[in-house]
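Undergrad: Chains as they are written, first to last, in the working numbering: chain Y, 1 to 483; chain V, 1 to 218.
I should point out that these hints are in silico values taken from the structure, not numbers from a laboratory. Ideal Cβ placement from N, Cα and C applies to all residues, glycine included. Since no wrong hints were added, every one of them can be taken at face value.
Derived, one-sided and incomplete: chain Y residues facing chain V with beta-carbon distance under 8 Å:
1. R366
2. Q375
3. L376
4. P381
5. T393
6. F420
7. W421
8. V422
9. Q458
10. N463
11. Q464
12. A466
13. Y482
14. S483
Computed footprint of chain Y on chain V, listed as stretches where at least three residues anywhere in the stretch have a Cβ under 8 Å from a Cβ of chain Y:
15. 67–74
16. 119–126
17. 183–196
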Amino acid sequence: MAGWMYLWFPDLYLHSLDAATPREPVAILDPQEQRIVQLNAPAQALGVRRDMPLASALFLCPTLTTRTLSLSHEQQLLQQRALWAGHYASFISLHAPQGLWLEVGSMLKLFGGLSAYWQRIQQDCEEQHWPVHIATGHTPLAARWLALANAGEPTFARDKLLPRLQALALDELPFSDAQRVALQRLGIHSLKQLLRLPLADVGQRVDVELMNTLRQLKGDASYPLTPFDVPPSFSQHAECLHDIEHRNGILFPLKRLLEGLCGFLHQQQLATRELILTLTHREPPDSVWRFALASPEYRYPELVQLCRYQLERQRLRAPATALRLDVAKLSSRAPAHANDLLAQKGADREHPCTHQHVPQTGLLNRLASRLEAEQLQCLYPTGDPRPECAWHTMSAAEHSTISQLQKAPHVRSHRGHWPFWVLPHPSPCAAPTTLIAGPARLDSGWWDHAPIRRDYYQALLGNQLAWVFRDDRGQWFIHGFYS
Amino acid sequence: MTHTDTPAPLQQILNQGGIWQARQAPETPLTPARSSGYAQVDEQLPAGGWQPGQLCEIYSQGLGQGDLSLLAPVLAELSQQPRWLLLVAPPAVPYAPALEMLGVRSERLLMVHPKNDKEALWCMEEGLRSGHCSAVLGWIAHPPATAIRRLQVACEESQGHAWLWPGAQPNSAGSPAPLRVQVSRQDARHSSVTFIKRRGRWPGQPFTLPLQQPTLSS
Numbered sequence: 001m002a003g004w005m006y007l008w009f010p011d012l013y014l015h016s017l018d019a020a021t022p023r024e025p026v027a028i029l030d031p032q033e034q035r036i037v038q039l040n041a042p043a044q045a046l047g048v049r050r051d052m053p054l055a056s057a058l059f060l061c062p063t064l065t066t067r068t069l070s071l072s073h074e075q076q077l078l079q080q081r082a083l084w085a086g087h088y089a090s091f092i093s094l095h096a097p098q099g100l101w102l103e104v105g106s107m108l109k110l111f112g113g114l115s116a117y118w119q120r121i122q123q124d125c126e127e128q129h130w131p132v133h134i135a136t137g138h139t140p141l142a143a144r145w146l147a148l149a150n151a152g153e154p155t156f157a158r159d160k161l162l163p164r165l166q167a168l169a170l171d172e173l174p175f176s177d178a179q180r181v182a183l184q185r186l187g188i189h190s191l192k193q194l195l196r197l198p199l200a201d202v203g204q205r206v207d208v209e210l211m212n213t214l215r216q217l218k219g220d221a222s223y224p225l226t227p228f229d230v231p232p233s234f235s236q237h238a239e240c241l242h243d244i245e246h247r248n249g250i251l252f253p254l255k256r257l258l259e260g261l262c263g264f265l266h267q268q269q270l271a272t273r274e275l276i277l278t279l280t281h282r283e284p285p286d287s288v289w290r291f292a293l294a295s296p297e298y299r300y301p302e303l304v305q306l307c308r309y310q311l312e313r314q315r316l317r318a319p320a321t322a323l324r325l326d327v328a329k330l331s332s333r334a335p336a337h338a339n340d341l342l343a344q345k346g347a348d349r350e351h352p353c354t355h356q357h358v359p360q361t362g363l364l365n366r367l368a369s370r371l372e373a374e375q376l377q378c379l380y381p382t383g384d385p386r387p388e389c390a391w392h393t394m395s396a397a398e399h400s401t402i403s404q405l406q407k408a409p410h411v412r413s414h415r416g417h418w419p420f421w422v423l424p425h426p427s428p429c430a431a432p433t434t435l436i437a438g439p440a441r442l443d444s445g446w447w448d449h450a451p452i453r454r455d456y457y458q459a460l461l462g463n464q465l466a467w468v469f470r471d472d473r474g475q476w477f478i479h480g481f482y483s
Numbered sequence: 001m002t003h004t005d006t007p008a009p010l011q012q013i014l015n016q017g018g019i020w021q022a023r024q025a026p027e028t029p030l031t032p033a034r035s036s037g038y039a040q041v042d043e044q045l046p047a048g049g050w051q052p053g054q055l056c057e058i059y060s061q062g063l064g065q066g067d068l069s070l071l072a073p074v075l076a077e078l079s080q081q082p083r084w085l086l087l088v089a090p091p092a093v094p095y096a097p098a099l100e101m102l103g104v105r106s107e108r109l110l111m112v113h114p115k116n117d118k119e120a121l122w123c124m125e126e127g128l129r130s131g132h133c134s135a136v137l138g139w140i141a142h143p144p145a146t147a148i149r150r151l152q153v154a155c156e157e158s159q160g161h162a163w164l165w166p167g168a169q170p171n172s173a174g175s176p177a178p179l180r181v182q183v184s185r186q187d188a189r190h191s192s193v194t195f196i197k198r199r200g201r202w203p204g205q206p207f208t209l210p211l212q213q214p215t216l217s218s
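Sequences and hints are given; from them, build the entire structure.
TA: Here it is as structure tokens:
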């Protein structure tokens, strides 16, 4: 069953700026005419209205903060919403400047019915403080018109929707001025009256365009929708109403960009290893902060937490006026990540499942956000009989990228008395007085340029049990400790 | 319950948190204790094993006192979980073949080399709170009591295992950690172990522990 949902985000541009400062009056101006096109509730309370010239608005409200509408930015905001909507639908169509169509009919089984679907979307929008009008319809236009009047109801049934559509007043609908005048002359004030007219008459008396629109509304003609294609790379920016003077202030607009990023990663089934945050200042140059992750990540809470840590390490050179988030190093999601969902559930409890090989990488990223890459190390046994070569340390980032097969060569080490601690470089010492066990002769390494000939002993040095050796020149060394 | 009748100096001492009161103990521990692998040690530990959520301080003079043999069985068991064994500021490198013989899975080991004590404490706390570690081991000389208290809180909240090596000798001023143990080597096969603090019990007497060495007869 085909079914459409229309999401209308009124005052999209305004709300992208406004969320942080809802108390002061803010208005958005049309770029050409210096008229108010979007305004918030405090401005409205002071008497400012839509379509009012800027001069009148300032007269009513001298403290009004104004911004000029940037169409390209609003378009980008709508794209962010479309990326977010990727969590909910596979077919999305942008309707500039402020609307989105979702094809919902095919998603209902997944979400457990239309009411549940509707609630999820509404809740998600509320959590992000996005004002939204939602409506569904049997045709795209029906959904849109109901959304514009905020008269939506979760149903696709034509007979339930029709009374709601009929109740719409004509000035709530997106008709042209000429069409309005023509309809007014005919004495038609509501959609109910209009729908009662024969379509051919509408074509003759008003115009052909309106006739076609009504046919599309009823579903007699198809309404052309262009699918939204996910852009191949992610780059989005956010503008700030006030300059950000402290790094803590960055997190708020950044969260919204991360939200879009997670939608993007979700649709592409990708993960990222590096975030690039560019901050615009009043004076060039921009600051570019690169946040490298130790392992690919795509989950929103993790990314927010990582950014929080990363921001603590940064210094804001000058107040920032806008920020842009780009991602580099996209990678496909490792199969280990698919298990994370299971692993996370019981992360703080017991872990009876031992089949999962790779420990969780979330911690790696958190630690890596504060430390240098070489400060985090994993151990990698090689199976070489020479103690210096029996293990490698490698940076944890490297460790998480190589596959499990390469990682554990399943070498059984040869038998012997092994100390818990080994010194990376043997340290010279005097001949020990109390030898406990030994010698164990090691004569190995003929295949490369670091052959060794040593006799290893356990020796008590004071009250430490040490692993010592004598080399072929009779010099003694401490190589480790039994602990 | 109110303490209006408690004399002021006593109340002050209680507020400092230096004294553990038996009524603070949960009636039944949240997670069962894990056997240490040594019957003698299990007997000494209040919960009959290593209790998750309790930070344990280990005092030993230099490397090679047998402190890690004491932990080896429990570490081997913990390393079976698909989580990290986090080693913060280890004093040397764990020898991979020895780990293998002890049954500790070396691919679970994550070593961190912090630049200073503050960073080290942060790493331990983060490791505990993330829930991504089966155990957190840290070597931080003389951490302040406030830092130990933070670690203990993190440990308790995450119900994780944590061991801390704060130096050679326990300071007399006490510590917020619920368990403190001193380990010193007696000879090649034995260490002397003393639980100098056990929450819920009196301090223990020194006892001799025969160590399981990572050896296979050759």
